[in-house]
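Undergrad: Residue numbers (the numbering used here), protein chains in the order written: chain C, 1 to 294; chain U, 295 to 579; chain V, 580 to 773.
No lab work stands behind these hints, which were simulated from the structure alone.
Treat the hints loosely; a few may be bogus.
Unchecked claim - Straight-line C-alpha distance at most 35 Å; calculated DSBU-like pairs for lysine-lysine:
no. : chain 1 : residue 1 : chain 2 : residue 2
1   : U       : 340       : V       : 631
2   : C       : 9         : U       : 337
3   : V       : 682       : U       : 575
4   : U       : 570       : V       : 718
5   : U       : 570       : V       : 671
Unchecked claim - With the C-beta cut set under 8 Å, the calculated list includes, among others, these residues of chain C facing chain U:
no. : residue
6   : 15
7   : 20
8   : 57
9   : 58
10  : 61
11  : 63
A virtual CB, placed ideally from N, CA and C, is assigned to each residue, including glycine.
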Amino acid sequence: MGSRQIAEKSLSILRSLPRISLGNIRDNPGSKITQKRGRGQHGGDKHGAGNKGGGQRQNYMRLGYETGNNPFYLRVPHENYYKGHHHRRQYPPLSLKELQLTIDKNRVDITKPIDIASLVRSGVYNFNPDQKHYGINLTDEGADIFQAKLNIEVQWASEEVIAAIEKNGGVITTAYYDPHSLFLLKNPKKFFETGQAIPRRMIPPSDAIEYYTNPETRGYLADPEQISQARLKLAQKYGYQLNNIQNDSIYNMLCERKDPRQIFFGLEPGWVINLKDECILKPKDEKLLSFYAI
Amino acid sequence: MTSLLVNSFKKLCLTSISRSTRVYSTGNSPTVHVSHNLSVVQKGWKILPQYTKPREVWIENLDTIDENKLGLFQLHPLVFAASPRIDIIHRNVIWQRKVRWVSWAHTKTRAEVRGGGRKPWPQKGLGRARHGSIRSPLWRGGGIAHGPRSGKTHFFMLPFHVRIHGLTSTLSAKLAQDDLHIVKDLELPTNEPEYLLDLIEKRNWGPSVLIVDENDVVPRNIAVATDSIQHINIMPVYGLNVYSMLKHDTLILTLSAAERIEERILNHLHSIDSNKSTAFKLDQV
Amino acid sequence: MATVWRSRCAFAPLLVGKSVRILNNTIDLGSKLIPKPLSVTLCAKDYSSYGKSPFVDKITERYDYEIIKNPPEWEYVKRLLPLDIIPKVTPKDNYPSGWIPPKEEAQNLPYFIRRTKHHEIPIYLNLTYRGTRKVTKIKKLDGDIWLLNHEIKKYLNSTQQRYVETRVHELARFIEVKGDFVTVLKEWAYSKGF
Chain C
1 MGSRQIAEKS LSILRSLPRI SLGNIRDNPG SKITQKRGRG QHGGDKHGAG NKGGGQRQNY
61 MRLGYETGNN PFYLRVPHEN YYKGHHHRRQ YPPLSLKELQ LTIDKNRVDI TKPIDIASLV
121 RSGVYNFNPD QKHYGINLTD EGADIFQAKL NIEVQWASEE VIAAIEKNGG VITTAYYDPH
181 SLFLLKNPKK FFETGQAIPR RMIPPSDAIE YYTNPETRGY LADPEQISQA RLKLAQKYGY
241 QLNNIQNDSI YNMLCERKDP RQIFFGLEPG WVINLKDECI LKPKDEKLLS FYAI
Chain U
295 MTSLLVNSFK KLCLTSISRS TRVYSTGNSP TVHVSHNLSV VQKGWKILPQ YTKPREVWIE
355 NLDTIDENKL GLFQLHPLVF AASPRIDIIH RNVIWQRKVR WVSWAHTKTR AEVRGGGRKP
415 WPQKGLGRAR HGSIRSPLWR GGGIAHGPRS GKTHFFMLPF HVRIHGLTST LSAKLAQDDL
475 HIVKDLELPT NEPEYLLDLI EKRNWGPSVL IVDENDVVPR NIAVATDSIQ HINIMPVYGL
535 NVYSMLKHDT LILTLSAAER IEERILNHLH SIDSNKSTAF KLDQV
Chain V
580 MATVWRSRCA FAPLLVGKSV RILNNTIDLG SKLIPKPLSV TLCAKDYSSY GKSPFVDKIT
640 ERYDYEIIKN PPEWEYVKRL LPLDIIPKVT PKDNYPSGWI PPKEEAQNLP YFIRRTKHHE
700 IPIYLNLTYR GTRKVTKIKK LDGDIWLLNH EIKKYLNSTQ QRYVETRVHE LARFIEVKGD
760 FVTVLKEWAY SKGF
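Chain C on its own, in the form it takes in the complex (with noise of 0.2 Å):
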């Protein structure tokens, strides 16, 4: 008998209940806490202050405040240490172990290159770029459990991270994203339903430069003979056998990099996304070919 069932049991007392309609049906008793207009004597008029005396009439000022006298928490300079942190660039941050994960569950596919528009879709990381989000910071927990051999692309990455995917026989990009690029790459059926021809990415601003022309932290702009050197000192380090690409069977995946000024792979900049009639629309005219070009 269902009885025990919870799934049936409700439904089966249901079936000798009166017809579910508009008329009978409550909600839960006590969900609802109505806010009610004061009545009576002093329906809110005090402000809950009381009744006249120190409640209403004295003046209790602030804490730290010292009657016009330069205030003891003021009188010491001090370092702002937080000062700009409202201009400066972030990178919410993503771990190995959740990139691990959103592998074994099959949310991202590493037979293609990861980029941040993949792990977006993938619903595991988010990020919002009108708040100064700069995109992924992959960070090292779980770099000890990480074992997928991947051609990933982040926006940071430290040292740590950077061992651990290349241990495994992996290959990371550090590379920027200006914020309008970074919306296509968080909504990017949004903005091919807008019509518009995909954008350039933008070069990086000049405090970023370092970064990312940097061979040690595989920046995009680096020297690729120097990032191959970069790979194998960081080997040396970390004492790992290094992969030799080359010979791999996923070659091809593996050495897939987008253009500094490309957002999204295999799509280039100046082409419009047809969604509705499943096309692609290619720029011609000379202009647009040379704009595009730079």
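Model the placement of chains U and V on the given structure of chain C, informed by the hints.
TA: Quick look at chains U and V alone, frame taken from chain C:
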């Protein structure tokens, strides 16, 4: 009187056209092939039912007054055997009532009632109570304090998943109380309203019936037949809602509508919902 | 029409070098309104006031595009479109992240804990009263919830060496356990195969 006239006119005019439209509308009976030996429709659900068994319902017909069982149809337990939470159904109903309700009740304050600018009598010396205006709320014919002011909206949004749970709860409750029927299609042999009334009477469906089809184009006969009956209504799948399901005694789904409802709700229950689970803001869109 | 164009012209001197760039680095393909006189003698014209700006007399399709049906690059576009539903987990030899797949035999038990859509066990810790009240909540239950409650109590009694209070909600299908037993209960659920 006029409705009678209109009906007779329709009968005269539309019988000649109905045949051609019927041919056009036979397209929405996809899955089950009509056979008199009973068959269970096996369905390729993307999300397989776990533990709880799928519900099985008869596929019925509308082309005869007597009921013909055309086969068995499986319904997904996540949609049609969810726990019937009356409180969630109630919240959905309240939301549907309030979401489009603008209250136009209006009263005048003491400032808006005509007159009352002058102090009726001096403050002191008359032995009377002090008053500053003859339109004060204390006076007869004075303004109303804290009265309703017009143009008050009661708009709010119920969280997305409460809305989904409201739909599954209501569908499950309807199925459990034998108030949900699946029909193969909406083909009627005639466009007489009496035929439909007889059919409902015979099958003991509640007097009021909500018919849900996949699209908003239904066969001509049923559209004409239900046109003059106030308590039999037709609705497309995208209009399905808790309030209408509860307002009508019986819910009739076509095969395609049932599949579509299942597919949509299962999709919502198993999709990445970062945009759906955020609270509704007035300036979103 | 003319009004729109006039207002665009007001910015023309600013866009001399980059006449195709509008905002945010994108190309405005919708702007078919290109003035005739703009290309020839841009510098000589005075656009400083509204009255002096020119009228549009000819509208031309400016940019040439080729439209490619069924392009080979469509595979890259498909990669970017959002997931319809969260995909199923294909069985693998090992899961380095420590995720444990549900077992098939759990379906035969008299009770059942359904995985969430993210393929996780729905056991959570609820902290209330500024973290002083800890309640472990087991959701998405099915089958004989009272037997499950009894088993949980017995299991916690034996592992924790004390009596543990629980609360069963039949209609909403959850069990609440007083105290923080998330890891203990998750281990128990994994051992049962949920």
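Undergrad: Next step is simple, just say for each hint if it's right about the structure.
TA: Right, here's what the structure says about each hint:
1. Our distance criterion of 35 Å between C-alpha atoms is broken by residue 340 of chain U and residue 631 of chain V, whose separation comes to about 65 Å.
2. For the hint pairing residue 9 of chain C with residue 337 of chain U, the CA-to-CA distance comes to about 26 Å; that is within 35 Å, so the pair holds.
3. Between the alpha carbons of residue 682 of chain V and residue 575 of chain U the distance comes to roughly 42 Å, so the proposed pair goes past 35 Å and is violated.
4. Straight-line distance between C-alpha atoms of residue 570 of chain U and residue 718 of chain V comes to about 21 Å, which keeps the hinted pair within the 35 Å bound.
5. For a cut-off of 35 Å, the pair hint linking residue 570 of chain U to residue 671 of chain V stands: about 31 Å separates their Cα positions.
6. At about 6 Å, the closest approach between the beta carbon of residue 15 of chain C and any beta carbon in chain U falls short of 8 Å, and the interface hint on this residue holds.
7. Because the smallest distance between the Cβ of residue 20 of chain C and any Cβ of chain U comes to about 5 Å, under 8 Å, the interface hint for this residue holds.
8. For residue 57 of chain C, the interface hint is violated, the least distance from its beta-carbon to any beta-carbon of chain U being 26 Å, above 8 Å.
9. The restraint placing residue 58 of chain C at the interface with chain U is violated, with a minimum CB-CB distance near 31 Å, outside the 8 Å limit.
10. Interface restraint check: residue 61 of chain C against chain U, minimum CB-CB distance 36 Å, threshold 8 Å, status violated.
11. A cut of 8 Å between beta carbons decides the hint on residue 63 of chain C: the least distance to chain U is about 34 Å, and the hint is violated.
In terms of the numbered hints stated before, the structure departs from hints 1, 3, 8, 9, 10, 11, listed from lowest to highest.
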